[in-house]
Amino acid sequence: MGGNTLLHGAGGERHLLLGNEAIVRGALEAGVQMVSCYPGTPSSEVPDTFARLAGEGTFRLEYSVNEKVAMEIAAGGALAGAKSLVTMKHVGLNVAADPLFTAAYTGLPGGLVVLSADDPGCHSSQNEQDNRYFARAASLPCFEPASAQEAKDMTCAAFELARRLQQPVLLRTTTRVSHVRGPVLFGDLPDEPSSVPFIREPGRFVPVPAVARRRHAALNTQMEEARKAAEASPFNQEREPAAPCRLGVIASSVARDYLADALVEGGWEDRVRVLELGMTWPLPLDKIGNFLRKCDRILVLEEGEPLLEESICVLAQRLGLKLEVQGKDRVLTNQGEYSVPLVMQRLAAWLETECPVHPVHTPEPDLPGRPPNLCAGCAHRAVYFAVRRVFGDDACYSSDIGCYTLGLLPPLRMADFLLCMGSSISAGSGFARASGKPVVGFIGDSTFFHSGMTGLANALFNKHDLLLVILDNDTTAMTGHQPNPGMVQEALGESGNHLDIESAVRGLGVTQCVKVKAYNLKAVTRALEEMKSKSGVRVIIAEEPCVLYARRRLKKAQAQVATVVQQGAEAQRCLEELACPAFCRKDGNIAVDETLCTGCMLCLQVAPNAFKAKKR
Amino acid sequence: MSTSKNKRLRIYFTGVGGQGTLTATKLLADAALEAGLDVVAGEVHGMAQRGGVVESVLMLGGWRSPRLDLGEADVLLGFEPLETLRGLPYLKPGGAIFSSSDALPPLSVSLGQAAYPGMTHIKAQAQQIAGICRFMPCRSLGQQAGSVQSGNTVLLSAVCASGILPFGTEALEAAIRNTLPSRLQDVNLKALELGLSI
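These protein sequence lines map, in sequence, to chains P and E.
Just so you know, the first sequence maps onto residues 609 to 1224 in this note's numbering.
Just so you know, the second sequence maps onto residues 47 to 244 in this note's numbering.
Hints were generated in silico from the structure; no laboratory data involved.
There may be inaccurate statements among the hints.
[Claimed, not checked] Pairs of lysine-lysine residues, derived as DSSO-like cross-links and limited to a Cα-Cα distance of at most 30 Å, are as follows:
no., chain 1, residue 1, chain 2, residue 2
1, E, 169, P, 1163
2, P, 1223, P, 1164
3, P, 1125, P, 1220
4, P, 1140, P, 1045
5, E, 53, P, 1194
6, P, 1223, P, 1194
[To be verified] Restraint ranges, calculated between C-beta atoms of paired labels, are given here:
no., chain 1, residue 1, chain 2, residue 2, range
7, E, 183, P, 1108, 47 to 55 Å
8, E, 183, P, 1202, 16 to 24 Å
9, E, 53, P, 851, 23 to 31 Å
10, E, 243, P, 846, 51 to 59 Å
[As the list claims (entries may be wrong)] Pulled from the structure, derived: some chain P residues nowhere near chain E, Cβ distances all over 10 Å:
no., residue
11, 619
12, 624
13, 650
14, 745
15, 755
16, 789
17, 791
18, 924
19, 945
20, 1035
Quantities reported herein were computed from a predicted structural model and do not represent experimental measurements.
Just so you know, even glycine gets a beta-carbon here, dropped at the ideal spot from N, CA and C.
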């Protein structure tokens, strides 16, 4: 979607938008003034779309170094009276939880909306945690859109509530909603965004224990106001069947979509009454109670954990209603995503009726797969190849979050364990201390600034024994080349200051630190061998811009590509050890696909007799 | 297959990362919107790096779910033949297949660890399940139009021209003119022409 349309499109226009783009439009309609983020799939298109508009918009945007910082930046903005938005993926909210829980106590006069993009099914995440728990744990009003239109509308509603109640509001999407594409009817843009002037009130905004106790009570009062908003919310809708019926289905988030389609496909629309919940915290207890009174049996449809289901059981018990509540079972579990067929299967069993079955063509077994792989010319491959040659299976490899996690795959096999952003250093330190084995950790530049520095400080302080390889590719590659402090100044331009990783490492107190060019196999190998013979905290910084980034953003490309000059064992071994996607076969012979080869010339260094460089 | 505007139709797209599968999905969604249809599309971004499988879906005529399961697609659009074969279980038996016949072998094939299934086998499997089955050399047709990526538009054009969707190539042409950047329009309009003549 063109930036102009989002920024200037008038109320009444209708455009096809990605769910995440619709959130941007909603924020603009709400008059957002501050946006901060740490990128992460499936949330990244929100800040990236704002970034495309940033030259013209009246909002301020920043890519913060991590989610906690992003949360504090946005909360600070909202304290100063600006309507603020902070975006992150679900696991990012774990990082940002500390300021968020207390911001709910102090309240934020400008209004803060927190986007958490959850990932049921782990499409691009290390877990599928259900962040609706955060709404309950921190007392955050929560909206859960299920379409592109709702993504826009609920963003507007979330801002309205955040400003009115001065409470942080959670906007919770899932991958399917972040990446749905649908028509969105625009509302009007505001004339001018309005701030709330800051009034000094330490008795509210400085939560020392005496203040915090009072603020907890104030929070409870505000959440009761939020519940009234949920009772009246147009996003919580009941649908009466044509004929009287005492079977009720309650659904939230994208499960509402699966339910709607399943009812049509099964021809069951008139057999159940439906309550769709779009504003899901605090629960509209009166509305739900009224619904329950009209039912004998309830089926709850929600992806993730049985949160609604359990709340509804409690409510039914409190209201003294004798009804049967079902939800999670062996068909609809807390794992992965729901789908129309799964919901149909569940509904059919619950309605005690036949489920229409589609014949399904049997998948062909053993088709050659396309697992994700490091790109052709990726500098991580060069470093990993050298590490495997120097350390082999003697060392344990502590990985981190980024493209380089893909080093896990054979033939490189450069990841033995991984927890979260920044864990390579600290989990690696703990592992080395307990096992006595050599540990090599890998971390990217963005992740190093995200939460690697604290782990490195700890490793020095507590005298850990770890070799850390910082894979510095100048950008946040995995999520689409967002800026981070390690990015070169020419790429950052006016938007930020470049920070030097080596200075940070040495500044913390690392004395054993070498910087190498990742494509220089000899230099990388020499550095690794030197560090292998030492102990304590050691750091190798391997520099080379991400190949995609170099080509697309820095407009840098090599004039030469690799070519095979000699078939045979050496070429074959190189192919097997590097598994570069630019290798291919032509008429049975090993060849290099020139359209994919980036000219990194790693293969020439690994197999000098088999490969030569040639002009593109 | 009825071409009524009320017909509920689900389309499954599959291809290889970097091919432009998602751009093609958006273009066909825009074409459907031009034709006044209810549209919902779904895609998954992220870990599918270049070279991985990229799938997306487009639902027409009043669906709400941005997701499609095995045996549910009325139409399968394959931008790479191996991915067409892998995606066959998504097709409703008797549905339509429009696929590229230009192979992009995965790395395991280059490494000699796996064999790429033959085109005869892929076509036979496709014909076994599909009511309509069309294979065309999209990459080379795209090159003929001016860029490899525009081969996707050749495929979209062919499916629009076939009459199985509730709209024709006029809507696709309008979408190209209204939503693609101007530098890409000529090559895609040329690709659209090529798709008509297949």
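Confirm or reject: residue 650 of chain P is not an interface residue toward chain E, with every Cβ-Cβ distance exceeding 10 Å. Violated, since 7 Å does not exceed 10 Å.
Has the given pair, residue 53 of chain E with residue 1194 of chain P, been kept, meaning a C-alpha gap of at most 30 Å? Not OK: residue 53 of chain E and residue 1194 of chain P at ~46 Å, beyond 30 Å, violated.
Would residue 624 of chain P pass as off the interface with chain E, using Cβ distances and a cut of 10 Å? violated, 5 Å
Quick one, are residue 1125 of chain P and residue 1220 of chain P close enough, alpha carbons at most 30 Å? holds, 20 Å
Hey, is residue 745 of chain P genuinely clear of chain E, shortest beta carbon separation above 10 Å? Nearest chain E Cβ is 27 Å from residue 745 of chain P, so the label holds.
Does the structure keep residue 1223 of chain P and residue 1194 of chain P at a Cα separation of 30 Å or less? holds, 20 Å
According to the definition I'm using, a residue is off the interface if its beta carbon is farther than 10 Å from all beta carbons of the partner; does residue 755 of chain P meet that for chain E? Nearest chain E Cβ is 7 Å from residue 755 of chain P, so the label is violated.
Given hint residue 1045 of chain P paired with residue 1140 of chain P - CA-CA distance at most 30 Å: holds, 12 Å
Is the Cα-Cα distance between residue 169 of chain E and residue 1163 of chain P 30 Å or less? Violated: residue 169 of chain E and residue 1163 of chain P sit about 41 Å apart, past 30 Å.
At the C-beta level, are residue 183 of chain E and residue 1202 of chain P separated by a distance inside 16 to 24 Å? Holds, since residue 183 of chain E and residue 1202 of chain P (Cβ atoms, about 20 Å apart) stay within the stated range.
Please confirm whether residue 619 of chain P is truly not at the interface, meaning its C-beta sits more than 10 Å away from all C-beta atoms of chain E. The claim holds: residue 619 of chain P sits with its nearest Cβ about 19 Å from chain E, beyond 10 Å.
Given the range 47 to 55 Å, decide if the beta-carbon distance of residue 183 of chain E to residue 1108 of chain P lies inside it. Given about 51 Å between the Cβ atoms, the range holds.
The earlier numbered hints that this structure contradicts are 1, 5, 12, 13, 15, 16, 17 and 19.
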